[in-house]
Structure formats: C-alpha cells, structure tokens
Amino acid sequence: MSSTQSRGGLDSPLEESLVRTSRFFRRGEVSADLRSLHQIGGRDADSFYRDRWAHDKVVRSTHGVNCTGSCSWKVFVKDGIITWEAQQTDYPSTGPDRPEYEPRGCPRGAAFSWYTYSPTRVRYPYVRGSLLQMYREAKQRLGDPVLAWADIVTDPERSRLYKSHRGKGGLVRATWDEAAEMVAAAHVYTIKTFGPDRIAGFSPIPAMSMVSHAAGARFMALIGAPMLSFYDWYADLPVASPQMFGDQTDVPESGDWWDASYLMLWGSNVPVTRTPDAHWMTEARYRGQKVVVMSPDYSDATKFADEWLAPHPGTDGALAMAMGHVVLKEFFVDRQVPRFTDYVKRFTDLPFLLTLEQRGDAYVPGKFLTAADLGDTTEGADFKTVLIDAATGDPHVPNGSLGFRFGESGKGRWNLDLGEVDPLLTLDGGDAAPVDLARFDTPRGEGATLRRGVPVRRVGGHLVTTVFDLLLAQFGVGRPGLPGEWPSGLDDASQPYTPAWQEQFTGVPAAAAARIGREFAQNAEDSGGRSMIIMGAGTNHWFHSDTIYRAFLTLTTLTGCQGVNGGGWAHYVGQEKCRPVTGWTTLAFALDWARPPRQMIQTAYWYLHTDQWRYDQTTLDGLASPLGTGRFAGKAPADVLAISARMGWMPSHPTFNRNPLDLADEAAAAGKEPAQHVLDGLDDGSLRFAGEDPDAPENFPRILTVWRANLLGSSAKGNEYFLRHLLGTDSSLRATETPPEARPRELVWRDQAPTGKLDLLLALDFRMTSTTVFADVVLPAATWYEKHDLNTTDMHPYVHSFNPAIAPPWETRTDFDSFGTIAAAFSRLAATHLGVRRDLVAVPLLHDTPDELANPRGVVRDWKAGECEPIPGKTMPKFVVVERDYAAVADKWAALGPLVEQAGLQIKGVTTTPDKEVEYLRGKNGPVRSGAAAGRPSLSRDVHWCETILALSGTTNGRLATQGFRFAEERTGTRMADLAAEHEGKLVTFADTQSRPTPVITSPEWSGSEHGGRRYSPFTVNVERLKPWHTLTGRMHFFLDHDWMTEVGENLPVFRPPLDMHALYGEPQLGNRGELGLTVRYLTPHNKWSIHSEYQDNLFMLSLSRGGPLIWMSTQDAATIGVRDNDWIEAVNRNGVVVARAIVSQRMPAGTVYMHHAQDRLIDVPRAETSGKRGGIHNSLTRLFLKPTHLIGGYAQLSFAFNYLGPTGNQRDEVTVIRRRSQEVQY
Amino acid sequence: MRVMAQMGMVMNLDKCIGCHTCSVTCKQAWTNRSGVEYVWFNNVETRPGQGYPRTYEDQDKWKGGWEIGRNGRLRLRTGSRLKRLLTIFSNPVQPSINDYYEPWTYDYDTLLDAPLQEHTPVAQPRSLLTDQPMKIEWSANWDDNLGGAPELTQDDPVLRRLSDEVKKQFEQTSMFYLPRICEHCINPSCAASCPSGAIYKRAEDGIVLVDQDRCRGWRACVTGCPYKKVYFNHRTGKAEKCTFCFPRVEVGIPTVCSETCVGRLRYIGIVLYDADRVLEAASTPDPKDLYEAQRSLLLDPHDPRVVDAAAKAGIPRDWIDAAQRSPIYALINGYEVALPLHPEYRTMPMVWYIPPLSPVVDALTQTGHDGENAGNLFGAIEALRIPVEYLAELFTAGDADRVTGVLRKLGAMRSYMRDLNLGRPPQESIAAAVGMTGDQVRDMHRLLAVAKYDERY
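Protein chains in written order, with the working numbering: chain U, 1 to 1227; chain R, 10001 to 10457.
Simulated from the structure, these hints should not be mistaken for laboratory data.
Hints may contain errors.
Quick list of the computed label-pair ranges, beta carbon to beta carbon [as the list claims (entries may be wrong)]:
hint	chain 1	residue 1	chain 2	residue 2	range
1	U	A991	R	P10195	52 to 60 Å
2	U	E446	R	D10131	55 to 63 Å
3	U	I81	R	S10196	31 to 39 Å
Just a few of them, taken from the derived set where beta-carbon distance is under 10 Å, the chain U residues facing chain R [to be verified]:
hint	residue
4	D51
5	W308
6	P626
7	S770
As the structure is a prediction and not an experimental result, all values here were calculated from the model.
Glycine included, every Cβ here is placed at the ideal spot set by N, Cα and C.
Using the sequences and the hints, build the whole thing.
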C-alpha cells in the first residue's frame, strides 16, 4: 500500500492550487487531496442534536387495543412532555439458536405519541349541544337528573331533534360532574323503565389492555347490561375452529414459524398485519423453509414468496379442496404414510362410524353412531361415539368422547388413550353403498348433488361407514369397487374436487395446485408435521369462510401437523390471547359478585337493531342443500335467529318484550318460580322474545357505551343502516325493504321502520372518530402512555405493562377512572330510583359445561313449533335470578367480591379455588374498610386490578396452573400437572411486568405448552398428553352431524363460492359496464397505514401514504372507466356511497378493488355526488349477512361461549359500481 | 497507509418488509419540527419507483456526486471547484419542494369545534407551507407498493436504463424496498461541494455532519449529494442531514433507524480503511470496478500490520476490537454479500445492501422443475422476478454477475440449511458451489437469520 496518492487527482492542477489556499481558513484537518474535511473536537456546533436527543426519563408502555402486536415500547419524556417512542429490546431470550422477539413495533405504533398533543385530541368532556340544553332546562325544571332524562327521551319531538343532530357538529363542553350525572341518569332511567338488558357496552380485544376493558365491562356486568361480543362481529372468529377443534382459537406464537419447514401465507399479508412478527418468516427462509403465498394481488407478503398462487377472491376453498384431494389420494390411498395414518386414528374423528340413511336409491350421511345406538343406556351413552377395533373387527367405544366428560362414570376416562385398540380407518373390502353428497360448484353457488360410494358395514342394526371413507368420497378419491362417479385423475376437470376442477374457479393452474398440495404433505412427512398455514382475513372474512377454513384445516390435520411445533394452522386476524384469562374474566364480568353475566352476539344485535333484517330481500332457501329436508324453506335469516334464541342456543338481549326486573317481581308476587313465570307468559302470549319484534319501542337498545373502539368509523358493517335506524340521522342508504313474500315469519313487521332507536350514545376516546362525532356524550380518555394496564398476545409468550409517562393531561381520565366516576354517579342516583332489584337473566346453553348434552345427535326440536316441551336449560335458555343492589354498584366495582373463593373460578371446564390468592390480594391491595364491600380486597386503583388479574390466572400464577391441571387430571387420568409444576411457586407481579416482559406459565387455560422454554404451539398438550379436544368425539372433527349442518350440506369440508350479489340483491353482474360505472368486487383488507381506524388520521401515516381515503384498482379497470392515478372516484351500491381517490397499480387483479379498512369519514372526505352528503367509510358499502349454521348451539362443541361461537359480521362478498366523478370536490 | 475508522451500515434488503418504522422513529426523534416538515433523514422507497425526492438518481439532471473528467481526474459533477466558486450566487441545481413534496396538515380542530351544521365535520388538507387548502398530489412515499405504477415507474431513472426485455419482466410485477439514510461516504461530495467548509467528516468514526454554526445556506451540498440526503431547513436557512445518531452512537446505542428496525435487517459496525488511497480508488476508471476498489480500501482488521498502524493512528483498542468483530466488515469483505449503493457516484458510500432474493422458484417451477432442489436453485436465481439487471444498476454499476454471485450465496444458504432443518446430512457440495465451506454457511446463517442484537450492532 502506498502512503501517498498514486493515481488520480481532483479537477485540474491549476484549480487545485487555487482551492488549496482555502484550507488555511478552516479549522480541522483537510485531507491531503482536499476532498474532505475531518474534524476532531470543538463540536459545540452540534449541540443542537445532542439537546434534541436528551431526555429526562424513559417509561415502558404499549398500545392498548385492536392490534395483536403487543409490542413493548420505550416512551421518552423531556420536561414533562412526551417526545417520541422507540421499541424495547429486552424480551427474554427464545434460546441460543433462534431469532429473538426484539424489536417489536411498527410505524403505526411509532407514530402514536403524535396523538398526545394533536389537534384531534379530546381534551374535555363534550355533550351534544342541543341535548345538553334540553337536559339543563329539564333538570332545572324538575330538580332531578333521572326525571330530566325521562322528560327528554319520552318527548318524541325533542328526542327526534337531538338525534337528528348526531354527526353534524355542535358538541359543546361540559364538566365531568355534569356529563357523568347525565350518563348516570340515563342508565338509571333505562334500567327502571325498560330493564338493564336495553343497555349495552362495546369494547373489544381485552388482552391488549385488560384493565381498560374490564373497567367498563365490570360496570356493565354489575348493572346487568350485556357486553357485546367482538371476535365474531369482526368476522375474525374462524367458526371452523369451534366446529373442528371445540376451541375458540388457539394458535402458535410467531416464534414458532421458525420451526416450520414449509409455510403457506394464505389470505394473510404478514408484513402489513403482523409487522413485528414478519421477521420470523424472512429469517426462517434462511433455515431452508419454503414460503408459498396465496393472494389475489401482488401483496406485500408476495415479495418473500418462493411461489405465488393468485386465486380469484373468495375461491380459496376450491384450491384447498383440490390440495386435499391430492393429499388423500397420494398419501392415504395410493400409498400410506404411517405417521399420518397413526395420527388421524388417534387425534381425529376419521375412524368413527357414521350411520347412513336411505334417501331414494342411495344413502345420505346421518349421525355419528353412539353407544346408545348399540343399546348402552348408561350415563353419557348418547355422546359416546364408536369405532371398530381393527384387531377384532368389533365395535369399540373409546375413551375421550363427550360422554366421558361430565358425570361420575367418566372420571379418569376422558382421554385419548386407545390402549391396545387399533382403530379401523376404512371399511374397504366389504360391502359398498352409493351416497349422495351436496355440492355447490354451480354457476350461482346453488346446491346440487354428487353421487359417490362408500364401503359399509352393518353394526348394531345400523348401516355405517367411517368418516374417513366418507371423506374420500367427498373429495373424490376413488377406490376400486365403489359405486358412483369419480374423477378419472387429477386432470379431470369435470369432477369435484380435483386440481383440474379447481382451476375453473380459482384461475390457479391445476399443476401448481397439485404440486403445492403434494409438497405441503411431503414436507409434513419429511419433517414430522412441520408444515404450517398462516391464514387470515383474506380468507376468513367471507360469508362461507368456515368452509374455506375447514378445507385448510383438512390439509394441516390429515398431515399430522396440528399439535406439533412448527406445524398446523396459524390463524391471525383479530385473534388475541388474554393469557391471564381467568383473572380478566373474573373482573370484567364481575363474576366475583354475581353470576351469570349477560353477553350478546354483536352481529345479531346489529342485524336486528339497525334494521338490516328489513332489507334482506331473500330467504335462506338458496343456501340449503338439495339433500336437506327443507327446514329452512321460506325462512329468513331473522327467523333462524329467533329460533336459535328461543331454543337457548344463542343469547338474545334485550331478551323479552318486558323489563326483566319486573318479570322477577311479578314471579315473586305470584309466588311462582321465575322460570315458570316465563313459561306461563310465553304460553299465554303475554310474553315474547324481544328479537321477534325488534322494532317495538320497548325492545329498542337504549344506551350504548363504546370505549377502546370506533364502531361507526370502523367495524359497523352496514354503516348507513346504523346512521338511519339506530341513530336517526342522515344516511346514504339506498336499499329497498324486503318484499312481503320474503319477509321473516317469526318477526313482527311494522310498516314504519323506526329511526333513532338509541337514546344515548356514549363514547370514551382520546381522539375524534366517527363514533365520537356521532356520540351524544364524549368523555376525554387518557392515552396508552398515561395509565397502568396489562398487555398480552398470542404472538409472543410474555405479559408486559402500560405505565404512565405523564399524568393524563387536560381533563382526560383513564378508562378505569372514567368508569369509576360513572359508577359513583350511578350509585348515588340509583339509591333513590332503583334500590335493590331482582333481575331475571336468560342464559344460553354454554360450551364446556353439561349444557353441551342438551341436544343428543344434534337433532333440532323447536318447542314453539310443538316439537318438544319448553324445558329451561334443555330446549330453551336457562332462567336465573340475580340480585342487584344498584346503590352498591360503585362499592362492588372497586372491591374483589366473595364468589372468587366461595364458588371458585371456572374456565374451559377447569375449576380453581384461589383462596390463598384472595388473602394475598387483601394484603397486597389492602382491604376495603366500609360500604357494601367492607373487608374485601381493594380494587380502588388500576394497579390493584393488574395484581388481581395476575394472581387469579394460571398463566401468571404457578400455584393455580398446577391446581387447575390437577383438577383436569382427575377427569382425564393422564399426567399434566408437571407442565406447570416447575413454576408452582412463581407468581408474576405487576412490578415484574414493569421491569421487563415476563414469560407466562403453562396453564390449563390454553392447549399448548411453554414447558421448559419451548415455543408455544396449540394442541401440543392434547397430542402429547392425550387430553381430548372439547368436541363430541374428543378428537378434531372433519364431520359435523348437526341437523342444520346437514341442511346446508356442510357435514364435511366443501367448496362454496362467494355469494352472488346479482342473484340475491339485484346488483349488476361483475364486470358489467353500465351508465353508473363498472361493477367490481369490493374488498376491504387491512391497511398498511393504520391499525383499523387508528392511525389512519395520524399525520405521519398520512404523510407516508397519500393522505386520505383511497381505493386501489387495476390498470385494466382504471382504463375501462377512464380513471387516472389519484383521480377522485365514487363507489356506489345499494348500501351506500364512498368517495375516495384512486390508486392505480398493476399489482391489483382486474375486476377487484381494495378499499383498505378502516378509512374514517373525517379526513379529506368530500361530499358524494350521488347523495350530496359526506362520502362514507369503507363499511358504507357493506352490510351484514347471517349464516344460520353460526347460530347452532346446545350440542357438543357447537355450544355458545362468548366470542367463541356466533354469526360473523362477514363483509367480503360485496360488489360495487365504481366510476370517475367530478374532480371538483366540495366539502 | 493511514488508517481511519469508519462507521457504516449494511441493510439486508432480503428481509426488508417495507414497513417504514425506521422512517417514523427517525422522523420523530430528529425532524419532527418546523422548517424540516418535508425532511426524512431516513426514507424507504418502493422499487421500481421514482424515489424521494423524485428521480434523484438521474444525475444528468441533478448533477450529484463525482465524475471522471476528460483529464482522468476526479471532479464534482457540477463542475470544477473553480467554476463552482465563480458561480456560487447562481441557483444551484436542486430539487424543488414539489420534487420532495409539499408538506400538509388537516383542519383537525373542526372535528371538535364545528358548530351544528348540515354535514358531518371533516378535516380538509391544508398546506404547511402556504396554509391554503390543497389537493394532495405527492408525498414522501407516493408510489409505495407500486401505487401509481406502471405510469409513475416510467420515470424511475434506474428502470429507464434497462433494456426492453427487463421492463417486460417488470410488467409481471415485482417490487422490493430500499431504505435509505445518508451514506456517510468516505469520499463525500456534499462536503467537497460546500463553499463554507461546514460539512465535515468526524475523524474518529467518519460520520458526516453539517456544522450548524458554519453553514451559510448555500445549498451546494444539496446539489453535490447524489443521494439527495442533505436537506435545506427553510426555517433556519441551514443544511441538515442524517447524523448517524451520533449522540446515541457515542454512548454505545445503535442508531434509531437500526434499533427500531422490525425486520432486523440493519447491521452497524466499524471498518478500518486506508485514507491515503481514497482518491485513487474513487478515480477508478471503469465504474464496474468501483465496487472492488472500495472493498480494497477496507483494511483487514485482523492483519497485525493494520492493527499496528491503527494503534499508531490513535484508534483505541476497543475500536480495533469492534472492527474485528464488525458485522458489516463480515458482510462486505468476509462473505461478500453486501454491495454499495450506486458506486458509480464515486463517493465511496458506507451504507451497503444485501440484494433481495425473491421470489426464487416460481418462474422455474412453471417449467415443471422442483425449484427447491439444490440442483435447480442456481437456475432459479437467473429467473428471479426482480430483474438482476435492475439490482445491478443500483449496486454494481450494472455488473449483473456480481449481484448473481450474492444471490447464489443466499440461495445456497437456504438449500444447505434445509437439509439441516429436516435432520438430513448437509451437502457440502452446495456450500462449495458458491466458494464457501459448510461452516461458513452456518456462520453466515447465524449472522443473517439468527441475527442476535449484540451481533447486529
């Protein structure tokens, strides 16, 4: 190396000498060649940047709702001002040989602190001006807040007036005292007049800030108001999960992606929707993992894919069915893989026997054969399913089915231990019979039939086959000697469900479908089950998503991937995991003071109360299988909702057309059992279910409180219906009401649909949203950087904390503080207006309880139709009377009640008794000294709630985890307590979570294990410890034998195409180019620049995107309607109108547009040409569709639990007409 | 040999998910203030795309960086220093605000304050420069995720240099992300452009800074920087740029953009280089040789002679230690998988990139082959969806073979590790095919995939 310049030089020699002189005027060291200036010391000039970086403290916190990231953040504070945030990097290690969770966060979270001092911050309490004026006047006149509220809402003219002002400005400041008093008065009046079930609370995703959620939910529970579900409402609940697994949703943490050696991203755009987890996918590729992406557009995830399949939107089920065909043919029939065969025999319903029923010249699938069918009359025989022992050829009733789960005789036998028995998978080799199966691969998705054959045998006088044999028939995998029509090969496009067949629906080449399916299974064979499918909203937000998912889960289950680290399903949309679930449940539903709480399925709630049921146009006939019995003939969705409610399958609140407090009083006055009083009333017609007459004023929902949520700017499918019917203000609804012939028969049709049903919309938020803009009272909330709380997720195994970086500024209050304030105001007014009342609560038949045994064989019997007797808790809801001391609500809200140790805590069928924990909490939090809760552990501070949640849950308290496992061991007879015993002495405290994210403990609250520091994967306890799934057979279910499943032809996984909006609602056909524009499929996937509606108004996110509402479209569609990039466009269908700007890109497929949700109407939304009103939100073009099978209850795994089962608020099947509009927009 | 220490960064584009967290955390920490509303010290570009400011890579237009004059000597593209001195008062060639974007806000107050009115209140956009209502027509990241493509990508200066054949491949859609900060060049043209001598390179770590006291706002640096990573603060009238977070780096914390990178794709480290050979290297005649020229500037920190010279140059022992375990040195000169951004600008940039490997096999499997099979893998790389030629225009002045070589190593790592993943014996021939040993592949895997915090920084 030379020490002088050997070559080259700058400019020319003359210039060099001229310029060289300048170095004498500079400090620092100029390089010999004069290129650059190096400087050492004397850096005062840079003090600006040092000052900018300086800060006084760093506080740990996170972001509290609707994002499952659960990222721990450092919040920087200088001079008492929050300056910015950055990710924490101190997660405990995942192990020496794999990536870590640090850092977790995304651009949206990084932009959060903008809200703190932003102009959209709600700083003070606000009340709708016209309402406040009326209230002040009435209160002055009448002298009592409750009388004042009554005076306004019972006056049609005044109430119509303030309701019509909703969403049109005119909010004025009030004091906290005045606002809280008015809210309290409304609650007291409504309870007294209509009943507590006319009030509802909505706040989602508790895992993300358990105390903030529980604070309001606990208030609702104590007054008797239902909390509305959210997981099903968001359409994020994969109904296939309760159907197949008997579980809500349990999924691997993202660190487990690393363990997978084959990864499909199916309808899940991981870089956008799981931003902090995405690195696991990019890194696992380096470990040799293959990544396949299924996405209709070139999504962000596609960049990382080794292969990209682009099925047409909503046809993913066809692709998955074809892959299932390949797997069954090549890994089960052409060749057997011992691991797969052994797995499906042990852990699935495939070896179980099904009865076949004669139908014409063939058979149709019937029910699972049970011990009762073989003459067993002992306990649970109806729920003990049967298989054949290959060794003996005799029927065998193995342990582990639902018949062993409850009752004395099943103790120690509810397990998957087969002993010496080798289940026979197929009856092949003997007789065969033709079976007819439903198919929906028809032009409009209507039902047709398919004749195939199965091997059969006669057992106990019943003609039976196995689920496995029927599954082969369903998937079209033939074997010699079977009757029926079968595909000639993978390339036979005429027969479902071959790879060639799927191509016509999906556009995916047959060879590619076959190859990927084959690879998936081959990898599972090679890796011991480490093939994984990450699935998400793109495939889960459809009307028929449960069928799509069952086809996916067929792939992961057949190949033995469920319950294996690195394998199985990984459903990530709207899922959360409140890891300390028992503690949160106890506080949120006030189970320490009274049981049961009211809980409501939100989709059904809004379907009725926003009158979307009045616009449904068609009956359910089109949904049914031609092999059904016509039980849905002529029925509207609202009819089956009413039937489900009265049979006790699904909850229904408001429940009756009467105040439940009055019902209890009347029963007492008449000296009758409350249940008998209900039965008598239903019998003589004096009592009706409210859901049968939702437009009667006495059945309206009267008060809705929304916190941690933006209903009207985000999740409200059928937004314009909400505005018109619920709120009574302007809307852009364009739909016409259902003609008489298609109207529900079970419901009262009132000629004039009511508008403005709701008396009070209360919103708590720190920023302005559509919900606050339309609310009557807006309370200023503290942000996530201004409170104590807890946060967990299923994406990682830690619990960590929120902590206030600053005190809540201006007049903001934490949700905890706000509901404490409301509870206190309420109790004061209640003392005189309500006192102690008895509340008659209708409770649906619940999952993980003996209620699951209510309907043997899933046979439907409607007492109202005379098919059975009305028996509470059996053929109808249970009726329970709960005493409510309304004046004591505030006292109880702020103290831990006695039922904790007296009745124990139940979760998923496991009971724990936290007696020592109550003593611990009395010491830790201090006892309450006076009032209704004297002597009980205090809950007067938010940190008390945190400590209580942690102490009462197995995931954070090793003693309770071990105790719970011991309880479960008694039932299963298998060893489990050792999974938690390593942590029996460990109790996670709030201080632990403040210092660092803290790993959780393996607990019976969940199905997987973290034992020994392994990554969490669901169902590993089931597979490794032979613990049954919470299903009928105790195994994972391919076959569902409920009557309604049969009726819609969905006993088995099946392909159902998207709903045909042209046939159902008269929308133009897709691709139609009419005067109003081009008809396209309208999808609302998740947004890169927001978490739902949060951050879409954030200036940083707007600056990094295009600064307002947008619709993505293909270059072809844009050309068709003459749209250029960034032009203003208008999208219109019967549900409403949207105005946005266009983003034109070749990454979009032709015929489909994306309006990323949730773009609120508040940022740069002009008025629509179509309506003259403010252009809507993404959900202005959607509405609710109820699928009847989501309403099934009271039967094994098809039983209700909150957020476990219920109709989904799906919205993906919609279409819209889209066109270029005038570029001169007006606001 | 004159040993100097240089802070540098390597970003693994193969892991970048385009989330822009780096941009936001940087913005919040450094440029969230008036005068620099439009400034993003760190930004992320979707490629193909125009970049920020738009078309900044078109040096025929913007005149950034260095070039070789007819006399074979290095000179700034804006002309010789004498010429520049004589024309100092004329308007420099530089992007207008519209080439960055006109920053805006909204009438947020309306949402709370609106009186009772006919329609729902709405927050209209309003210019932060003029305070007038505006229609938003460009932003710091307007063409994110191919928004507006293919119309907008027609003006991508890199794409315009490619043949028709490659453009056709692009029609079949591909994209990747390019996060960018200041390059903290070894041969910074911004510093050389500054008439006031306000831009300097810190002697101990090579970080390039603007002396806020000395800057006179000539803005010649804005022109001089070919990456357009020096910005003009229109409030203070001074130039500002990425500081490599020196207040953090000085106390041992990584830069904000690195530590907050959720993709875990950024590596920071020290390299030692020979300051005496910089001009020679920068004057390498053939642009395609600049990559090698710059690599040759970097000194082997394990070479005892280098250690000795470094010590004599006053570089502390812990810095030499840091240079020896520098992840960026390993990626640049050890595994040779990192490449400089636009070496042809001759600034000797010190933010390097591992090119993206994706997707590998789908083009190949269309022909019926098993793309995962190691034997086919290298064939697949030639069939990448992202055209190698495009990457070569970014990182190797058009030398596609260099890029292919890197991608082959990444592919080989995946193939080699797959056998280990599935419990099969590893095939050493896979490693050998890219000139590596199995142990080297495993070590590279550790650095790229396991990527622990203390090994990234």
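Outcome of the hint check:
A C-beta distance of roughly 58 Å is found between U/A991 and R/P10195, which places it inside the suggested range of 52 to 60 Å. Range check, U/E446 to R/D10131: Cβ separation about 59 Å, and the 55 to 63 Å hint holds. Checked against the hint of 31 to 39 Å, the pair U/I81 and R/S10196 passes, with Cβ atoms roughly 34 Å apart. With a least beta-carbon distance of about 9 Å to chain R, the hint placing U/D51 at the interface is held under the 10 Å criterion.
A distance limit of 10 Å between C-beta atoms decides the matter here; for U/W308 the minimum to chain R is near 6 Å, and the interface restraint holds. For U/P626, the suggested interface contact is broken, since its CB lies about 40 Å from the closest CB of chain R, more than 10 Å. Against a cut-off of 10 Å between C-beta atoms, the interface hint on U/S770 holds, since the closest Cβ of chain R lies about 8 Å away.
Of the numbered hints stated above, the single one contradicted by the structure is hint 6.
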